[in-house]
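Chains as they are written, first to last, in our numbering: chain A, 1 to 456; chain B, 1 to 337.
There may be inaccurate statements among the hints.
To be verified - When the alpha-carbon atoms are kept at most 20 angstroms apart in a straight line, the in silico EDC-like pairs for lysine to aspartate or glutamate are as follows: (1) Lys197(B) - Asp186(B); (2) Lys105(B) - Glu444(A); (3) Lys449(A) - Asp332(B); (4) Lys122(A) - Asp237(A); (5) Lys439(A) - Glu108(B); (6) Lys105(B) - Glu445(A).
Stated by the list, open to error - Reference excerpt, derived from the structure (chain B facing chain A, CB under 8 angstroms, subset only): (7) Arg43; (8) Ile61; (9) Tyr75; (10) Tyr83; (11) Leu86; (12) Ile94; (13) Phe102; (14) Asn148; (15) Phe149; (16) Ser295; (17) Ile314; (18) Tyr317; (19) Pro335.
If you are wondering where the hints come from, they were derived from the structure by calculation, not from laboratory data. Keep in mind it's a predicted model, so treat the numbers as computed, not measured. Even for Gly, the Cβ is constructed at its ideal location relative to N, Cα and C.
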Amino acid sequence: MEALELARWQFGITTVYHFIFVPLTLGLSVLVAILQSFYYKTGDIGYKRLTKYFGKLFVIIFTLGIVTGIVQEFQFGMNWSEYSRFVGDIFGIPLAIEALMAFFIESTFLGLWIFGWTRLSKAVHLACIWLVAVASNLSAIWILMANSWMQVPVGYHLVDGRAELTDFIAILMNERLLVQMPHVILGGFITGGMFVIGLSAWMIIRNKQPELFLRSAKIALVFTAVASLLTATTGHDQAQETVHTQPMKMAAMEGLWETEEPASFSMFAIINQEEGVSQREIRLPYMLSVLAHNNLTSEVRGLNELQAEMEEIHGPGDYMPPVAIVYWSFRIMVGLGVLFIIVSFYGLWLWWREKLQNHTIFLKTTMVMMFLTFVANTAGWIVAEMGRQPWVVYELLLTADGVSASVFESSIWISMTAFTLLYGILAVAAFYLVWYYGKQGAPEEQEGKETNLHTY
Amino acid sequence: MDLQTFWLILIAVLFIGYFFLEGFDFGVGILMPFVSKDEVDRRITLNTIGPFWDANEVWLITAGGAMFAAFPHWYATLFSGFYLPLLLILLALIVRAVGFEFRSKMKEQWWRKTADYFIFWGSALPAFLWGVALTNIVMGLPIGDDMNFIGSLGLLLNPFAILGGLASLVMFTLHGAIFLSLRTTDELKDRVERIAKIMWVPAGVVLLSFALLGYRHTILFEELGLIPGTLPMITIGAFVAVIVFMQINRFGWAFAATGTTIIFGTTVVFQGMFPVVMPSTISTDFHLTVYNASSSDLTLTIMSFVAILFLPIILSYQGWSYWVFRERVTRDAIPRS
Chain A
1 MEALELARWQ
11 FGITTVYHFI
21 FVPLTLGLSV
31 LVAILQSFYY
41 KTGDIGYKRL
51 TKYFGKLFVI
61 IFTLGIVTGI
71 VQEFQFGMNW
81 SEYSRFVGDI
91 FGIPLAIEAL
101 MAFFIESTFL
111 GLWIFGWTRL
121 SKAVHLACIW
131 LVAVASNLSA
141 IWILMANSWM
151 QVPVGYHLVD
161 GRAELTDFIA
171 ILMNERLLVQ
181 MPHVILGGFI
191 TGGMFVIGLS
201 AWMIIRNKQP
211 ELFLRSAKIA
221 LVFTAVASLL
231 TATTGHDQAQ
241 ETVHTQPMKM
251 AAMEGLWETE
261 EPASFSMFAI
271 INQEEGVSQR
281 EIRLPYMLSV
291 LAHNNLTSEV
301 RGLNELQAEM
311 EEIHGPGDYM
321 PPVAIVYWSF
331 RIMVGLGVLF
341 IIVSFYGLWL
351 WWREKLQNHT
361 IFLKTTMVMM
371 FLTFVANTAG
381 WIVAEMGRQP
391 WVVYELLLTA
401 DGVSASVFES
411 SIWISMTAFT
421 LLYGILAVAA
431 FYLVWYYGKQ
441 GAPEEQEGKE
451 TNLHTY
Chain B
1 MDLQTFWLIL
11 IAVLFIGYFF
21 LEGFDFGVGI
31 LMPFVSKDEV
41 DRRITLNTIG
51 PFWDANEVWL
61 ITAGGAMFAA
71 FPHWYATLFS
81 GFYLPLLLIL
91 LALIVRAVGF
101 EFRSKMKEQW
111 WRKTADYFIF
121 WGSALPAFLW
131 GVALTNIVMG
141 LPIGDDMNFI
151 GSLGLLLNPF
161 AILGGLASLV
171 MFTLHGAIFL
181 SLRTTDELKD
191 RVERIAKIMW
201 VPAGVVLLSF
211 ALLGYRHTIL
221 FEELGLIPGT
231 LPMITIGAFV
241 AVIVFMQINR
251 FGWAFAATGT
261 TIIFGTTVVF
271 QGMFPVVMPS
281 TISTDFHLTV
291 YNASSSDLTL
301 TIMSFVAILF
311 LPIILSYQGW
321 SYWVFRERVT
331 RDAIPRS
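When you get a sec, could you build the whole thing from the sequences and use the hints?
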């Protein structure tokens with residue numbers, strides 16, 4: 001493999017791995033804060049037990065999110081130095097603000113929250129976890145601002161082959177950011193929500209403090225049901241925005257080779273990119289026009305036409321992303337998204353009928369859902385990032401031109417192997433710890449006596 | 001002062017903040033196996049930095065992000081040029097953080113032993129490698145006309161850079177020992193104080209030889225002239241003050257003195273090279289300076305507002321967290337297992 005391919009594999013592996021922990025952190029931090037708020041408001045010790053139970057798991061997951069996040073920041077410079085030179089003037093701003101505004105709050109107040117149970121007043125201590133939750137989600141906004149600019153570059157001009165900032169407000173208000181940010185954060189809320197539901201279900205099935213975990217299940221069900229609906233609507237917004245700003249990505253998501261008017265939606269296809277055809281296709285007439293433009297008539301442009309257009313603008317080359325991967329990732333994401341809506345609303349219905357705690361099949365289903373949220377998140381990122389290929393900054397910089405010029409293949413082999421091995425070991429350790437502490441159920445708590453979340 | 005100079009100062013402040021803060025928690029991680037008589041001691045040692053180490057590390061992340069934003073070429077050249085050392089630092093920081101967080105989660109001996117290795121090597125390796133990296137920057141690197149590093153790993157591991165690595169290693173360890181003396185009690189505190197005092201002499205030898213050789217062999221000499229000037233003198237003075245304060249049992253002041261040594265020592269490097277940030281050994285035309293490596297004025301202006309707004313807020317809440325956890329960690333604070 002060449003240095004470029006290796007660097008891409010490494011970025012893919014480390015990013016997907018990092019993005020297992022991030023969405024979970026986004027949702028779980030908010031849910032732990034909500035549970036603690038219930039404790040603060042009602043003084044009911046049960047909520048404190050739940051806060052500590054999920055808080056302990058949250059910290060395990062958060063740790064892996066942090067350590068894999070440092071790799072991400074360093075990797076731009078290490079493996080993508082030409083990219084860094086090209087985008088630094090713009091991309092660096094949200095990255096630096098993310099650290100100044102979010103990471104400092106997260107790390108400082110998480111420390112205060114973990115070790116401060118015995119030292120801080122109840123109100124201040126509650127404020128600490130809320131600051132962690134808000135800052136985690138703030139950090140998502142800034143990093144997505146950086147990513148949105150790679151998808152839809154705005155507010156720049158080119159000087160000496162580099163993008164320079166001309167309009168900061170345009171970057172803050174990037175239309176991609178406005179649709180992508182809520183979609184990703186809400187996806188994180190589903191992930192956190194399903195995690196709480198799934199673990200609560202596990203405890204209820206095992207008859208371990210079932211009344212207690214029924215409470216967390218109910219809170220998380222409401223949270224997840226709302227988040228899953230909104231994830232779908234914001235996802236729809238994002239697709240409609242993509243039709244205009246990245247038509248090539250849209251065409252790949254739909255496996256649409258030729259321009260259609262009105263356009264049909266593909267349900268199933270075996271995609272052969274070399275020959276530029278799809279086989280055994282099942283298509284629903286008009287449906288893609290509805291999804292893309294909210295009407296029954298509009299045109300949706302196909303891969304071949306867009307390829308020809310890009311060749312005209314950017315010169316000869318292959319400007320199509322890997323169609324089959326993008327097409328199927330999109331279907332996996334959407335399919336799972338629909339499943340999450342059905343499961344969470346069915347859960348609410350069972351709650352209303354007061355059958356939630358006895359419906360073992362449903363409870364077991366949520367435990368499966370807990371794992372599927374990660375598949376959905378990963379699939380979503382594959383659509384966003386692979387769908388942008390061969391560009392790293394859409395229509396401005398090719399991925400191939402962004403790679404570090406001075407880094408040897410052998411160095412990347414070393415780093416990729418090291419990261420993969422270490423990440424693999426950490427995944428086993430983290431999974432084991434979540435299982436171990438998850439299995440134990442909520443810790444005992446005494447009235448009026450505080451202990452810290454943990455001691456090193 | 002122009003924006004580029006202002007941003008060099010800010011990035012220097014972020015790196016100085018990082019070396020000052022993570023410096024002592026590296027030291028604590030390095031000393032943990034040597035100052036502890038039993039498992040309780042080990043846990044006390046770790047808990048002295050329990051609430052702090054993560055926020056200390058954010059200074060590095062912020063320095064990296066700020067460098068990316070303000071001086072993209074500096075960031076790109078440095079990070080791609082130091083690929084393997086940075087890889088080692090990353091791996092070390094990962095296992096170290098995991099060691100801290102996961103250690104007490106299981107009672108099994110092998111688990112805790114593994115975590116101890118993670119914490120020790122995860123602290124010692126970066127403490128050493130930051131010195132190696134900084135020394136190499138000051139010495140100059142083969143940087144070509146396209147701003148890219150054209151050298152090999154062997155070049156980075158030259159004897160002088162290794163001496164630089166030892167210098168940062170001993171300095172952080174001493175800084176950490178004195179920090180520990182402020183956060184522990186009884187026998188453990190006595191042991192740590194003794195180690196700090198004994199360490200001072202070899203640390204002084206390493207630092208002095210590094211300073212003299214560095215002064216003679218790097219760009220700093222051309223910039224500073226024969227008489228080193230105020231900043232290097234303060235650095236040396238502060239280091240001498242460390243042993244004086246320790247001898248009269250003022251460990252709080254001694255900590256301020258190791259801190260001052262780190263702050264001014266790092267400042268000498270940044271200030272001594274100015275306006276160069278990465279000297280090229282191929283040609284002075286290929287030096288990376290704050291001017292040819294920087295972002296646009298608009299970007300620097302926006303970033304200035306953000307930094308001026310947030311840095312004081314960050315310092316106040318981080319300071320507050322040190323205030324909240326000001327009590328020493330005693331044996332009673334460690335739950336019996």
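Now for the hints, and whether the structure bears them out:
1. Lys197(B) - Asp186(B): 17 angstroms, holds
2. Lys105(B) - Glu444(A): 17 angstroms, holds
3. Lys449(A) - Asp332(B): Holds, because 16 angstroms separates the two Cα atoms, which is no more than 20 angstroms.
4. Lys122(A) - Asp237(A): Violated, at about 41 angstroms.
5. Lys439(A) - Glu108(B): 18 angstroms, holds
6. Lys105(B) - Glu445(A): 18 angstroms, holds
7. Arg43: Holds. Min distance 6 angstroms.
8. Ile61: Given a least distance of 5 angstroms, the restraint on isoleucine 61(B) holds.
9. Tyr75: Status holds, d = 5 angstroms.
10. Tyr83: Holds. Min distance 5 angstroms.
11. Leu86: 6 angstroms, holds
12. Ile94: Cβ of isoleucine 94(B) sits 4 angstroms from chain A, so the hint holds.
13. Phe102: Hint holds; phenylalanine 102(B) Cβ to chain A Cβ min 6 angstroms, cut 8 angstroms.
14. Asn148: Hint on asparagine 148(B): holds, closest Cβ of chain A at ~4 angstroms, below 8 angstroms.
15. Phe149: 5 angstroms, holds
16. Ser295: With Cβ-Cβ at 4 angstroms, under 8 angstroms, it holds.
17. Ile314: 5 angstroms, holds
18. Tyr317: With Cβ-Cβ at 6 angstroms, under 8 angstroms, it holds.
19. Pro335: 6 angstroms, holds
Hint 4 from the list above is the single one not met by this structure.
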